[in-house]
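Trainee: Residues per chain, in single letters:
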Amino acid sequence: MIKFLIKGILRDRSRSLLPVLVVATGVFLTVFMSAFLKGIFNDITDINARFTTGHVKILTRAYAENKDQVPNDLALMDVGKLLTRLQADYPYMEWVERIHTGGLIDVPDSLGETRGQGQAIGTAVDLLSPGTIEPDRMNIKKSNVKGSMPAKHGEALISDDFAERFNVSAGDNVTLFGATMNGSMMFKTFTVSGTLKFGNTILDRGAIFMDIRDARQALDMDDAASEVLGYFKDGIYDDIKAQQLQASFVSKYTVEGDDFSPQMFRLAEQDGLGDYLKLAESAGSVMAFIFVIAMSIVLWNTGLLGGLRRYSEFGIRLALGEEKKHIYKTTIYEAIVIGVIGSGIGTGVGLGAAFYMQRYGLDISGITNNIGMMLPSVYRAEVTPALFYIGFFPGLIATVLGSALAGFAIYKRKTAQLFHELEV
Amino acid sequence: MENDSIIKIEKLIKRFPVGKTEFTALNGISASFGRGEFAGLAGPSGSGKTTLLNIIGSLDSPSEGDVDVLGNSVSSLTHKQSAKLRNRHIGFIFQTYNLLPVYTVFENVEFALLLQKLSRSERKKAVMDALEWVGLTDKVKSRPSMLSGGECQRVAIARAMVKRPDIVLADEPTANLDSKNSHHIIQTMKNLSRELKTTFIFATHDEKVMQYLDRIISLEDGKIVKDDVKTDSKPQDHVSI
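Line by line, the protein sequences give chains E and S. In terms of the working numbering, the first sequence opens at residue 1 and continues consecutively. In terms of the working numbering, the second sequence opens at residue 1001 and continues consecutively.
Bound-form chain S, shown alone (with noise of 0.2 Å):
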């Protein structure tokens, strides 16, 4: 797993200012992940999930330590190869979904696009790839406010997917779903990991994804308590891509 990790964190602290004292959200932790690897962060809320992530996504930068992002230390990463490293390599799916209500499905999969210089047919290939993968090719034309919450979710992962990152955070995403779409939601993320061997990191507590997840590391008072690498992950459906 070492030789083949996509992300190194060694002896990270994280502290925020708190007043005139300091927080410390992240104390020493140290990890690695593997290309592919399907992963989540879990524990109780201020344990530092979405800290770890942040930093993970070049978002924000350790107070100590480093990460290790596609040979990328992201303490030393100015402004602009952030916003190239989040662009080129780096996908990301939030609870909320954050779909922008004025455009069609397929405008807010291709929005992630728009950055990068590719021609508006390989654009359109890679956008109906990734509504394929999620399953929503006959949802297009349609605007966010004409979907249900699995669906808004979908477009998301599809977002997310759309550039064929090596990475994708996930904060919470399926805190606002039932049971039937946490699932099919999570089966498909899953599906998508292995076929396109993307990494994808959750910070989540909810047990219906937890039990998808090849590896759970545990964290409270920002340091990591257990890093469980489990062999009896469930069973899933293939998605052709």
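Looking at chain E on its own, in the form it has when it is part of the complex (with noise of 0.2 Å):
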């Protein structure tokens, strides 16, 4: 009966391509929705960790309090003994120092007197030591537009777009205008190596990028650093991790009743990223659930359809003695081959599929220039284990409920009937 059965499936194509296709289309997008979603939710939240919150980051209690003043008056103490402590009790962490700074950068004439001033949002990380990683992870590389890299202190990166502003190239001298740690009024002048664009308009409004002993030495910040970040080496962020982490800074580090005492926060923490996270983390079982419900429905219908189109069928092997259960039964037979058939089909492209977003990725820089949000340039999938079983089971577990509830018929069906409904 099964030889029997298989023989119908492969030849009547509306029993086997059409659910085939249905299903695997639906496992597809399922793979494919949910690995994109994944690498885009990923993306944004490792952009933000590359650029603002790391995966931890310590800053001290008064600075965080008033982060958004960037209070260098309040920033961290001591950072080379830091450093080496949190390198020595973290080993499986990279820590980072930055200093952020606020002001005006001043752009003078060939007599050097002011041509224009634009306000400044300043960021100092470590460009300049040999095999740093910096320019890397914040992306500054790919960024510069015009000019170069900086090779010598003294040397600066400023935004595109303030460039083209005051029609400053590289260079040019700009000063940057603003306070020290301690209060003083500050102003140091950099040549402009190069110009950045990083397709954001938050950072391209007045970003200025130097080196961060420059920065100390301008703004008095001798050993000092507005934060430090921490990275899990792995590159990925483990909020589990993270919180076992916290939890030993804490009791290591912190006095409790202490501004200055460095403090430890989570990305999760930070800027709303926690429910951000959370939203991430059920981004597959929403899209799992939903293609449950919605191929379910459809399924059904297909199976309704289905049915409808072997009503005589089964009107002919109820007349010739086989038992409606045995029918049914022979129906979520099928359903399974199919569902696994489809199924598999689904998730394999899917899997092909992701794999080449996961590599090439989705360029749409051209259409976040305006936005303010942190974003990403390029989208990528992210192909993880999950994407095996996310669609194959929810595809046949469709599939199957599809036909078991279409197969209900058979048993509303009466036999007394079939004399009439097989004659029509």
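Errors might be hidden in some of the hints.
Below, in silico cross-link-like pairs of lysine to aspartate or glutamate (EDC-like), each with a Cα-Cα straight-line distance of 16 Å or less [as the list claims (entries may be wrong)]:
1. Lys1197/S - Asp1166/S
2. Lys3/E - Glu1107/S
3. Lys1223/S - Glu1010/S
4. Lys67/E - Glu269/E
5. Lys1080/S - Glu269/E
6. Lys1084/S - Asp1004/S
7. Lys1084/S - Glu323/E
8. Lys7/E - Glu1107/S
9. Lys1197/S - Asp1004/S
10. Lys1008/S - Asp1066/S
11. Lys1084/S - Asp1166/S
Rather than coming from a laboratory, the hints here were simulated on the basis of the structure.
Grab the two chains, each in its own frame, and use the hints to assemble them into the complex.
Mentor: Below, the structure written as structure tokens:
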């Protein structure tokens, strides 16, 4: 009987090809969209981690409470010792120090008089140490559109928008005005080595990137930093590990009631990223749930249509003495075969597409230029082990569920009507 | 005849609910059919022919009275027992053939045997025998769409006969056939009835069929108005079994 039914499935395309295509398409979309959504969520999280939050961030309590004002007078002190201790205590992390500052950029003319001024958002990172990966982490090298990367102290990168607005070229001088850590007036002249375009309004508005040693000298922040960021060496944020790290850090480093005592914040505790992470975490499950519901309805209808098409076949089988239960069981077996084949194809194609998108991504830099949010310019899918089952099992379940629901018609059928029904 | 009866119907009443009232389709039918009988139920539409076939075929059950088929009281059969009775002992032939379009002639006929635990070689022999009876051994690999109406009905006869049932119930089997094919089909069935001792019961109002029947039971408003046993039905060609 099984061989007989398989012959029927193979020969009747409406029983094989159509349901397999429907299931495969649904599973493909689930796998691919799940990978792509996860990739997008992770890309957005990742870009925030790289630029602002780290996987964990260490600040003084006072700085944290006023961080919107960039209060460098409340910055971390003795950072050299702190970094040495952190590296010893948590060798699985990579620690970097950063300084943020605000102020004005003054563009002088040939006589040294002010030609133009604009608001500055200064970021100081390690640009010049041999082997530093900060320029790569912040994508500075790829964002360098004109000129070159700073090669020596006293050189800085400014935003390309700012440079165009004030007609500044590589090799020109600009002066950064601001306040030192002690509240005195600060001004330091930098030679512009090149310009940056991140494709992000916030960063492109008035960014000036300098080496952290130049910033320390200008802001009187010797052995101090606005913040220390920690990154898991595998590059992947894990909130459970981050919580364990945080608990350990608090017990070792934080002094209760001391405003200048270092505090650690997880990525999930910053800028609303916690809710975002939860959303990312549940995206796959939501996709799978929606898929099962939608596909069950679609396959239920496909099953009903198939049932209608096979009405005479079921009638003949009943008349020939096959039990309703047996007919129902064989339709379920057929659904399992269709479900396995369709889900297998859908998972394979979905994984293939996800691998492609993981490797090449979707470049949307052209449409994010005027978006204020910190967004990646290339969205990539992320292939995870979950993709191997996230579409497969829902696809199989939906197919069987659809057939099971449609198959109730077999039980409701009155054998007494067979002669009438089969003679239409 | 009574002693050799394989179907005994006693005071059969069948009612169907119609809104809040009931419609009586069969009203006090009593009859019996012997082994190898070639009989027909005649009468206008709504006279109860198909309802009676349904009950004899254990597709439906009586409201009152009793129908005994091969020693089984149809009223007391479970669904499973009814299915088993049909599977082992009763064949059906429909007006519109009802062959399965995706299967070949061989497979359509074999289908009736798949629920019985026969070996592949036993099935093959049975199917080829059945196709030989109806003269279609050259069409085993054809699909129903490649056959004429008459050939399709012959496949349906082979499917009904392949398990060598005791009873074949045929509802208007020649209604979709031309005169020549109708005669051929009915002749084939008559020969099979005689050779295999299979009881054929037709529901029909086709005169071409009636002239071959040994017995015609006329129904009107759910009652038997005439039970006519003929002694001079048409002579037949013999088929070799």
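Trainee: Indicate, hint by hint, whether the structure satisfies it.
Mentor: Do the hints match the structure? See the list:
The straight-line distance between the Cα atoms of Lys1197/S and Asp1166/S is roughly 7 Å, inside the 16 Å bound, and the hint therefore holds. Of the supplied pair hints, the one linking Lys3/E and Glu1107/S holds, its CA atoms being roughly 11 Å apart against a limit of 16 Å. Restraint check: the Cα-Cα separation between Lys1223/S and Glu1010/S comes to about 12 Å, which is no more than 16 Å; the hinted pair holds. A hinted pair counts as satisfied when its Cα atoms are at most 16 Å apart, and Lys67/E with Glu269/E qualifies at roughly 14 Å.
A C-alpha spacing of about 65 Å is found between Lys1080/S and Glu269/E, which places the hinted pair above 16 Å, so the restraint is violated. A distance of roughly 23 Å separates the Cα atoms of Lys1084/S and Asp1004/S; the hinted pair therefore is violated under the 16 Å criterion. Taking the CA atoms of Lys1084/S and Glu323/E, the gap is about 8 Å. The hint holds against a cut of 16 Å. In summary, the hint linking Lys7/E to Glu1107/S is supported, as the alpha carbons are separated by about 10 Å, within the 16 Å threshold.
About 12 Å separates the Cα atoms of Lys1197/S and Asp1004/S, which keeps this hinted pair within 16 Å; it holds. Between Lys1008/S and Asp1066/S, the direct Cα distance comes to roughly 8 Å. Compliance with the 16 Å bound is thereby established for this hinted pair. Distance check on the hinted pair: Lys1084/S and Asp1166/S sit about 13 Å apart at the alpha-carbon level, within 16 Å; holds.
Of the numbered hints listed earlier, those contradicted by the structure are 5, 6.
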